[in-house]
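**Q** Position chain Y relative to chain R; hints supplied.
Chains as they are written, first to last, in my numbering: chain R, 64 to 407; chain Y, 64 to 407.
It should be emphasised that the hints constitute simulated quantities derived from the structure, not laboratory data. Wrong hints could be hidden among the right ones.
All copies of an identical chain are treated as equivalent in the list; a pair is satisfied when it fits inside any one copy or across any two copies.
In silico DMTMM-like cross-links for lysine to aspartate or glutamate, where the CA-CA straight-line distance does not exceed 25 Å [what the hints assert, rightly or not]:
#, residue 1, residue 2
1, Lys-299, Glu-66
2, Lys-166, Glu-126
3, Lys-320, Glu-141
4, Lys-166, Glu-306
5, Lys-320, Glu-126
6, Lys-166, Glu-155
7, Lys-299, Glu-395
8, Lys-166, Glu-236
9, Lys-166, Glu-67
10, Lys-167, Glu-155
11, Lys-391, Glu-316
12, Lys-166, Glu-202
13, Lys-192, Glu-236
14, Lys-160, Glu-236
15, Lys-160, Glu-67
16, Lys-142, Glu-66
17, Lys-166, Glu-114
18, Lys-290, Glu-181
19, Lys-165, Glu-202
20, Lys-192, Glu-155
The structure presented is a predicted model; accordingly, all values stated were derived computationally and were not measured.
2 protein chains.
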Amino acid sequence: MGEERIGALLIASLPNVQYLTGFSGSAGVLLVTAAQATFFTDSRYDIQAREEVKESRVVIAREYAMVAAAKQTARLREKRIGMEANTVAFAEYQRMKELLLKKKLVPTRGLVEALRVEKDEGEIALIRKAVELGSRALEETLTLLRPGMTELEVAAEIEYRMRRYGGERPSFETIVASGPRAALPHARATTRRLRPREFILMDLGVILSGYASDMTRTVFLGKAPAKAARVYRAVKEAVEAAEQQVATGRTAESVDKAARRVLRRYGYERYFTHSLGHGLGREVHELPRIGRGQATPLPEGATITIEPGVYLEGFGGVRIEDVVVVRKGGAELLTPTSRELMEL
Amino acid sequence: MGEERIGALLIASLPNVQYLTGFSGSAGVLLVTAAQATFFTDSRYDIQAREEVKESRVVIAREYAMVAAAKQTARLREKRIGMEANTVAFAEYQRMKELLLKKKLVPTRGLVEALRVEKDEGEIALIRKAVELGSRALEETLTLLRPGMTELEVAAEIEYRMRRYGGERPSFETIVASGPRAALPHARATTRRLRPREFILMDLGVILSGYASDMTRTVFLGKAPAKAARVYRAVKEAVEAAEQQVATGRTAESVDKAARRVLRRYGYERYFTHSLGHGLGREVHELPRIGRGQATPLPEGATITIEPGVYLEGFGGVRIEDVVVVRKGGAELLTPTSRELMEL
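Excised from the complex, chain R in its bound form (with noise of 0.2 Å):
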C-alpha cells in the first residue's frame, strides 16, 4: 500500500477476502488501512462472520456489503482509496466513485495475489489434505474401472468420493478422456465407453477447506503395448525432472525447460502444447506461472503443480500431474499417488 501511495484498500475479489479474514461465506468486502481492517457482508452471515472473522472488525451491513464499506471509506481521512482493478466491475467503479466523490478512486493490480503466493505451513497442510482427498477418490475409482463404464461415469465416481469424504466441489469439471479423446488436453467426460488397450486420461481436483488440489495420472487399459509404454515413459521422465528442477530461488522458467529438455530426447518435444503448470491454493489457478518465459524466482512456500502432456491426434495422449511446495532443499511432493504406469 507504501508503494501505491494509498490509505486504504477496498478488498472485494472473494479469495483475497477469504484469504485475509478466513470467512467462508461467498459475500463480503474487507476495508483495510493501516490501523485497522473492517470486514462488511450482510445478515445471511451474521453469525458465521463474527465466528470466523477473528482479526478484523465485522460489520453486519442492512444494504450491499460494497455499498457500507464505501461510506465508511468516504468517513476516512484517507484520500487515496485502493481498489481491486481486475475483480470490480466497471458499474461497481462508477458507482464507488459516486460514493467517494472526495476520494482519488486507485485502480490496483494483484496486491493481496502477491501475498497469497507464498503459502505459511498452515495453508501447505490444508492444500495437502485437499490433495490426499483427491488421490484417495481417484485410487478408489481406479479399481472400478473395468470396459463398457462411460467416461461419465468415472467422472461420477471420482466425484462422488471427493464430495463424501468431506470435499465442498470439484475445483473444476473432472476431465475423464478415453482413447483418442485423450488426445484433447482439454476434454470433458462423455458418454464414449471405455475399451480394451486404451489409454484413460483423468485430471480432478477438490476444494476442501476453501483450498483446492489438481491432479492428473492417465492408465491404460490392459497391458500398454510399446509406443504407448514409450510415451508414458517420456511424460513420466519429464515430471521427474521438473520437479528435481524446483528450488527456492530456481527460475519457473528453468523447471519447464527441464520438462521440455526430456521430451525433446524423446521426440515429444511439439506434443507437448500447453504451460507446464501453475500455482495453487484457494484457487486452482493462480500465481505463480510456470511456464516458458517465467523468469522470477520461485519464493519459498509457493505451491505449484508439474503437468507435462504428450497428445498424438488420433493415437490417445498422457499426463501426469503432481503438486508440490517449492523449498529450499528442493521440492516437496504432496501428490502419494504413483506415477508408474498403471496397466488395469
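**A** Just chain Y, lined up with the frame of chain R:
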C-alpha cells in the same frame, strides 16, 4: 441498441455469449453490430467454436479474445460502442479505452439479460430435462436415506446421480440440512448424522446442456408429529397458492403475496425470511425477480422457481421449491416430484 444509441455492442458475460451464440466453451467475446455478429475465441476452442457457433462469424484469435475483438471494433465506422458494465472488470474497461481511443465507450446494463427472460420452447425443453434430472437424482437418493447417514453422504449421493446421468455439474453446492439445521435457509451439508423424527431439507440443482435446474424437498424421517405436519401443510399450501397465481401479465408481487397470505393464516408468515423465487435458465439465479415490490408483469415464457419456506429456530424448517413456466393459461409445472409429505 437503438435506445442506447450504440452502433456496436461488445458482449463478454459468458452466459450472455453462450445464449446468443450456442457456444458451450468457457472463453469468448461477441461483437454485435446492426450488420453482423462476430465471435472471438482462442485456439483451444477452434474445432468446438466452428461446430457450435452457427449464426456469427468465428475468429480464432492468437491473442486474448477481448483484445482481438477490440482491434476489430477499432476498425468499425460506428462511434458509440456498448460494453456490459456489470461483467467487464474495471481493468478491462481501461484497457479497452486505450485500444479504442477514437470511440466512445458506453456502459450498458442488462441488455442481453432482458432478452434471456422469455424462454423459447427449445430452451424450455432443455430446462425441463435439467429439472427432470434433478428430480431423478433426488428421488433415487430418497430410497437410501437412513438414520446414521451424514448430510454430506446424502449430498454426495444426489450429486453422484446428477453427474452419472449426464449433468455437467451441480448448479450450486447441494444443501442437505437435517433436524434443527433445517431452520438455516443456506445451510451447507455437514458431517451431522440423520436422526429419526427429524426433517431433512434438500435443495439441489444441476446444469445439463448449459441450463440449470433448482428444487427443494423436505422429508420427515419417521412419522411426522402434529406440529411438523402442520408446518409442512402450510408450506405446501403456500406453494400451491403461489403457483395458482402465476400467469402471463400477473406481477411477481401478487404471486409472492399469495404465498405469504397462506403462511399468515397459519401464523408462520414472519418465519418466511427470503424471496419467494427467481428466474432460472443459463444461470440458476437470473431475471425476473420474484418477491415483494416486483410490480413488472410476468412475461410469457419466463421460467421461475416458487420456494416458500418456514424456519423455526431450534425446531427445524420446511421449504418446497418447484420450477414453473409462465403461460397465458397459468403456471406450467416442470418439477415432476410429488409435493406430498414423505415420511421415510
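**Q** Could you run down the list of hints and mark each one as holding or not?
**A** Comparing the hints with the structure gives:
{"no.": "1", "hint": "Lys-299 / Glu-66", "in the structure": "neither (44 Å within a copy, 59 Å between copies)"}
{"no.": "2", "hint": "Lys-166 / Glu-126", "in the structure": "within (21 Å within a copy, 36 Å between copies)"}
{"no.": "3", "hint": "Lys-320 / Glu-141", "in the structure": "neither (47 Å within a copy, 47 Å between copies)"}
{"no.": "4", "hint": "Lys-166 / Glu-306", "in the structure": "neither (48 Å within a copy, 49 Å between copies)"}
{"no.": "5", "hint": "Lys-320 / Glu-126", "in the structure": "between (52 Å within a copy, 23 Å between copies)"}
{"no.": "6", "hint": "Lys-166 / Glu-155", "in the structure": "both (16 Å within a copy, 22 Å between copies)"}
{"no.": "7", "hint": "Lys-299 / Glu-395", "in the structure": "within (17 Å within a copy, 56 Å between copies)"}
{"no.": "8", "hint": "Lys-166 / Glu-236", "in the structure": "neither (42 Å within a copy, 39 Å between copies)"}
{"no.": "9", "hint": "Lys-166 / Glu-67", "in the structure": "within (15 Å within a copy, 30 Å between copies)"}
{"no.": "10", "hint": "Lys-167 / Glu-155", "in the structure": "both (15 Å within a copy, 19 Å between copies)"}
{"no.": "11", "hint": "Lys-391 / Glu-316", "in the structure": "within (17 Å within a copy, 63 Å between copies)"}
{"no.": "12", "hint": "Lys-166 / Glu-202", "in the structure": "neither (55 Å within a copy, 56 Å between copies)"}
{"no.": "13", "hint": "Lys-192 / Glu-236", "in the structure": "both (20 Å within a copy, 20 Å between copies)"}
{"no.": "14", "hint": "Lys-160 / Glu-236", "in the structure": "neither (38 Å within a copy, 34 Å between copies)"}
{"no.": "15", "hint": "Lys-160 / Glu-67", "in the structure": "both (19 Å within a copy, 22 Å between copies)"}
{"no.": "16", "hint": "Lys-142 / Glu-66", "in the structure": "within (15 Å within a copy, 38 Å between copies)"}
{"no.": "17", "hint": "Lys-166 / Glu-114", "in the structure": "neither (33 Å within a copy, 50 Å between copies)"}
{"no.": "18", "hint": "Lys-290 / Glu-181", "in the structure": "neither (40 Å within a copy, 54 Å between copies)"}
{"no.": "19", "hint": "Lys-165 / Glu-202", "in the structure": "neither (58 Å within a copy, 57 Å between copies)"}
{"no.": "20", "hint": "Lys-192 / Glu-155", "in the structure": "neither (37 Å within a copy, 36 Å between copies)"}
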